[in-house]
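Residue 151 in the UniProt record's numbering sits at position 151 of the sequence shown, and the numbers go up by one each step.
No lab work stands behind these hints, which were simulated from the structure alone. Just so it is clear, CB atoms sit at the ideal spot from N, CA and C, and this is done for glycine as well. Accuracy of the hints is not assured; some may be wrong.
[Claimed, not checked] Here are the simulated lysine to aspartate or glutamate pairs, DMTMM-like style, with alpha carbons at most 20 Å apart: (1) K6 <-> E246; (2) K22 <-> E173; (3) K298 <-> E246; (4) K22 <-> E43; (5) K6 <-> E43.
[Unchecked claim] Label pairs and their calculated CB-CB ranges: (6) G239 <-> T196: 46 to 54 Å; (7) D39 <-> K68: 20 to 28 Å; (8) P70 <-> P250: 22 to 30 Å; (9) D39 <-> D208: 20 to 28 Å.
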Amino acid sequence: MSQPAKRAVVFAYHNVGVRCLKVLLAGGVDVALVVTHEDSATENIWFESVQSLCETEGIPFITPADAKAPELLAQLQALKPDLMFSFYFRHMLPQAILDVAPAYNMHGSLLPEYRGRAPTNWAVLHGATRTGATLHEMTAKPDAGAIVAQQAVPILPDDTAFEVFGKVTVAAELALYDVLPQLLAGTAPRTPNDLTKGGYFGGRKPEDGRIDWARPAREVYNLHRAVAPPYPGAFTDIGPRRYVIERARPYRGALPDGLAPGLAVVDGAILGICGDGRALSIHSLLADGLRISAAELKTQLAA
């Protein structure tokens, strides 16, 4: 006689939320409720919609403004889920919610590395050569619970955070898919999360993309990769204009003597001169949101 389907409540947002929710549905999980977010009018929404998936699949969903609201806790308690999952949900869940049922979170790094916010962006910023996704038990302390499953992916030298995030999304799907039968059977492995390694990182703001041209070229390039569009981008202000690097690569040629750190036009090409005497070759530069040519930049820099 077959066992009844496990009932789950899922907190989810973003691409990882969509893909992991689809894994649960494919695995026969009874998703009783999805808790997600309203899209912000001030955010560049380049990612998939959990709400749209719920509407397509006929899954009940809510978008509470406060994850600590007593009404939400009462609703979850009434559903009596067997399991709860958090897939890129943006709010911390209070202990009272975690006490409702065993809860698991999907984090976008190889824990214990890059705990906290924006793990993919931080990994690229720090020049990491690999990252991945980790499913772990949820505790009141973020990203601290025992590890249930991990899937690694490479970070290639010229990958942007956007490109790496695509890999992390697939890694999250694979990690959950592989361990889901064991989770449902109650036999999933648990590996201690060694918090003496790695570290916590905070959220990132657009202002964090400001370029310090006195830094070495590799650091400036990693900053560009970490925040390249569709993220807000690495930028520099010259007078009233804001210049944002859209696409760039390390410059391999010889530089003329006497170039000051900052934007420059050399032999009809846009370069970003850095403090170590090296440069970035900027293939696409935005000036106040519009793509600008080398000739236009040269005119503006001379003004």
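Let me make sure I understand: some of the numbered hints might not hold for this structure. Which ones are they, in numerical order? Failing hints, ascending: 1, 4, 5 and 8.
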